[in-house]
Structures are given as C-alpha cells and as structure tokens.
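Protein chains: 2
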Amino acid sequence: MTSASEISAKAIEILSHHAKFLFPNHDFAEVYNYSLFPAGKLFRPSLCLAVGMDKSGVGLNEIGVRTSLASASAALEVHHTYTLMHDDLPCMDNDDERRGRPSSHIKFNEWKALLGGDGLLNASYRLVSHGEHPNTALAVKIFAWATGPKGLIQGQVLDLSEEMNLSFDNLLKTHELKTARLIQLSLILGLLYSSSADWKTAKSLWRLGHAIGISFQLIDDLSELSEVNPGEHELAVNPWLTMPDQCQAKLVQEINLINKVLEEEGLRNTKTVLDAYFDKMRNVILEYSEMILKHINESGKSSDLSPLMAVL
Amino acid sequence: MTSASEISAKAIEILSHHAKFLFPNHDFAEVYNYSLFPAGKLFRPSLCLAVGMDKSGVGLNEIGVRTSLASASAALEVHHTYTLMHDDLPCMDNDDERRGRPSSHIKFNEWKALLGGDGLLNASYRLVSHGEHPNTALAVKIFAWATGPKGLIQGQVLDLSEEMNLSFDNLLKTHELKTARLIQLSLILGLLYSSSADWKTAKSLWRLGHAIGISFQLIDDLSELSEVNPGEHELAVNPWLTMPDQCQAKLVQEINLINKVLEEEGLRNTKTVLDAYFDKMRNVILEYSEMILKHINESGKSSDLSPLMAVL
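Residue numbers (my numbering), protein chains in the order written: chain P, 281 to 592; chain G, 281 to 592.
Any given hint could turn out to be false.
You can't tell identical chains apart in this list, so a pair holds if it fits in one copy or across any two.
Unchecked claim - Here are the computed lysine-lysine pairs in the DSBU-like style, where the Cα-Cα straight-line distance is at most 35 Å:
no.: 1; residue 1: K321; residue 2: K574
no.: 2; residue 1: K480; residue 2: K300
no.: 3; residue 1: K300; residue 2: K453
no.: 4; residue 1: K453; residue 2: K387
no.: 5; residue 1: K453; residue 2: K574
no.: 6; residue 1: K300; residue 2: K421
no.: 7; residue 1: K421; residue 2: K480
no.: 8; residue 1: K581; residue 2: K387
no.: 9; residue 1: K300; residue 2: K560
no.: 10; residue 1: K421; residue 2: K483
no.: 11; residue 1: K321; residue 2: K453
no.: 12; residue 1: K321; residue 2: K421
no.: 13; residue 1: K421; residue 2: K453
For the record, the hints were derived by calculation from the structure and aren't laboratory data.
Just so it is clear, the structure is predicted and the values come from calculations on it, not from any experiment.
Same shape as in the complex, but just chain P:
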C-alpha cells in the first residue's frame, strides 16, 4: 500500500518538474517560485493522484510526470496557490504571513502578487490541458465552471461580504463553493484522467468531494479554537461558537458519508490520503479539547464533542 507521504512526495516531484517550463527566464519567475515552494501539504494534488491510481489500478511509479493525470494534479496546486496570493492581498484578507513566511505582496509588492496570481491562474489551465487525453476538453470545462463566477469565486464573494455568517445554510453554501469545489475538482480530474471514467462514478466522487470539503472546513474552524486567544474576529465569526450542535451534526454526517463512499468505490489510496489528514486533525482536537470546549462554553453554548470523536 502506498502511503500518503509517498503520494505527496510524488505530487511535489510533478509540480517541480512543470514549474521549470511554466515560467519565463526573467527575474519575475522568483515571484511564482516563492509562492509555490516550499510546497504546502499538497492535499488536492494528492487526492487527484490517489483517485487516478485507484481508478486505473496503477502504482505511483507508473505515473509519468508529464501525463494528463500528473499535470492535472499540478494544475490544482497552482490554482490553489493563486487563490492564496490574491486572498492575502490588503484589499482581501490582508494577511502578512503565509505558511510562516512573508506573504507574496510583503516579500515583493502588491502588483507583483496580483500579477503573479493572475499568471498562476492562467498557468493552471495550461497544466490541466496538458497531454493528449480524450477527456481534456471536458476536464477544462469542469475546471473553469468549478473555479469560476458560479464556483470558487462566488465562495470568496460570500466569505468577504460576510453573507456566510447570516445562517447555517449560508455557511454551508460558502464552504461548498470556496472549499469543496476545488476538492471535488481534484477527485473528478483524477477520475477523468484515469482509465475508467463513467458518469455514475463521477456522481459518487462529486458527492464525496462535497463531504470532504465541508468536513475539511468545519474541522478547520474547530481547530481554530485550540488557540488560547483566537482573536476578536475569529470569536465573532466561528460557527462552532454560535451553532455548535448544527456544526457537529453536519460534520458527523459528512464523515459517515465519506467512509461509505470510500468503501463502495474501493478507493484505497484515496482513503490513505484522507486518513492521514483526519488522523492529524483528530490529534489536534484531542490535544486541545479542553481549550476548544472552554471557548464554546464561554460563548454561552454548551457542547459535547463525543459524537464527533466517535467517528473522527
């Protein structure tokens, strides 16, 4: 069985390979490379590669770095990185740090971070359309729809306009568009560039990606409460402080669905990647559960995380 860290290492190898020919022979290439490397945990590319392995029955060593599947995995990371560069800009979230280093507009300047993001966005389409697979045009269509004005972008709009805080439904809609769409896309690209793509499986994977995205974001929100002082903004918007029971019930439901689909579809490598993530998050939540419950209780709600810990 391939481990999650082996898949992640492959994703880095692929991304590094493609970065070499994507950027111009000019000082500005530093803006792209600084933002992409050292790479993050490569969750999205790993999911894409894992589904590709599961649905083609191939091992990690059989995936060439320039195949459609490999290029698509790089496209996902390049696209994700552009969203982070733009999200960090002063007019958006105004974050000076990213992965423990100065964010791109601090390291360089604003116009370089803006254009660098635009460059990566275009480059992601260069990557997803790489290769000669018969599903290429379809992959691009779905990619552009999922990330575009009706997809990821609208999720960012709902987030920034703070419409997400108006109701639990709005919160889920925002998480679906801003977080789940790119994860759904990761699974679908893995399937489209495998040897056994069909609509029934696509539908299951789409639902699976939705569940992963919602869980990912709800767990992330919960882990934010592990801080001694989460900050005023966090205390105002964290859904676990205003709707803890709804958050927990939804998260438990989605985790159960994830396990069910992984089993039904025989997604062994995909399960490995997800387990590594859930294990890490379970440990964070267990380690800081006192602090997390303290914040929830202080907000006037009471909660018991045992239903969640039973499935996580």
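Please arrange chain G on chain P, whose structure you already have, making use of the hints.
Positioned in the frame of chain P, the structure of chain G alone reads:
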C-alpha cells in the same frame, strides 16, 4: 460584403447571450455586467469571427451564438476585460476611469474588482472550451500559453517594471507580449474553430497578429500625442518622443506586412475589420498632425510622418 460594424454587432450579441448563463444569480453579477457592458469596440472578437468566416467561407448569419467559434470570440472579450479591471487597480495603473465611466474598483470596491477580474479570467476558459469542436483542447493550450506567465502577464510585468523603456527592443517585446499575444490568439482561435485549420495558415496568422499588435500599440502611442498637454508621464515614456524614426520605420514595415498577408491568405472579412480600425486612426492622426509633430519636435527630435501616411 459584411461590414466591420455588422461583425461587431454580432460579437455583442454573442457576448450578451453567454453573459446570461456565466454569472451567478446574486448581486455580485452586477460587477461582471458593469465591467463588460456597454461593450467596447470588440476588436478582438471581431477579428476572431472574421477569420472564422474567411476560413470557413460562411456568412455572419450562419454563425450560431453557441458554436465554438462564437464562444471563443466572447472568451477573448471576457479575458481582455479582466486585464483592464486588474490594470486599473490602485496597485497597478491606478486609473479611476475606464471608457468614460468610473472603473470597477471605484464603482464597487477593490476586492470586488479583484475578484470580478478573477471571475472573468476563469470564465474566459469556460467560454473557449465551450462546444464540441475537435480542436478544443489545442485551443485551450494555446490560450493559456499566450495569456499566461510567458505571455500577456509577462508583458504587464515588463510594462509596470518600466523595463520597456530601456530600449526599442524592450518596447517591442512588451508590445508583443502585452498587446499582440491576445490579437494573435484572436486570429488563431478563428482559424482553429473554422473548417480549414492547418499549420501553414496558423503560422501566417501568427505573424499577422504580431504585426497587428505592434501596429495597434505604436499607433495608439502616436495618437496619445494628439492631446494639447499629454501629461508628464506620457511625455517621459512615449517612444515617439525618444525614437520617432525607429517607431515610424517599424510601423510602416508592419503595415506593409499586414496588407501582404491579408492578400495572400484571402482574408476579406478580416481586412474589413482592420480597415475600419486603420481608417479611424488615420483620421485622428491627420486631424491632429500639427499637434503631434509639435510634441515630437519639442522633444528635440524632428520627424516627418509622410512615410507613415503613405501606407496608413
């Protein structure tokens, strides 16, 4: 013979049709629609449609609004519009006006103009991959390369870093990447989505698009000097004030090449679109020739525009 204004009207019809389903049923759709409409002169979509007509031998009425050719023409305008939205932002050119109206970040705010631009960028790939034409994947590959880190984006980088002003070669490189690439792409998409795409024609059209792009930008620079007071920045960077003879020689050379390729490739509709543009610009330059020559002479150079007027 179809007129340039009929082709432009068709491009508007196509763009309006696609805009209806590209954007979410949400207030934010106003950001997209405000930036796209009322549409500009639609030079790029018109060139795309004209090449498609020329190379398929079809009339304007035979082009369905949802064909690959039509969708690609809309993709070009949507992509061009995103570049304008981002170019106008405070950290870039900081322009408060666009087409005589407040630019998007003035009308809305900065994050809306930034995300609106990102949304249009993704939407342009949704459009260029629309339809079932066998050349779709190839069209996307070329689109992403021409507009990406080694293409249009690098042209914006050279422009903003003012490297373009260091030499005439740098100026041409900037114009090639920032302006010509999208025009070359307009012609190539018209060809790829026509019924007679071949590599030899693609090569001619690529060279033609380069010549149109360089001419377009040099004529634009020249027409900026028709103002009584062109402004300090313009006087500092306008290449006609520092290198008038090189600018004119290059422009004459490119216009001659344009006419030669139009003739050789039998591009009758494409010629109509270009003639309408050149006629308009010739009239501007003729009307303000005294003012233009005054600025050139005041910069210490002398020039005689008769070689240009002989070919324009």
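Any hints from earlier that this structure breaks? Give me their numbers in increasing order, please. 8
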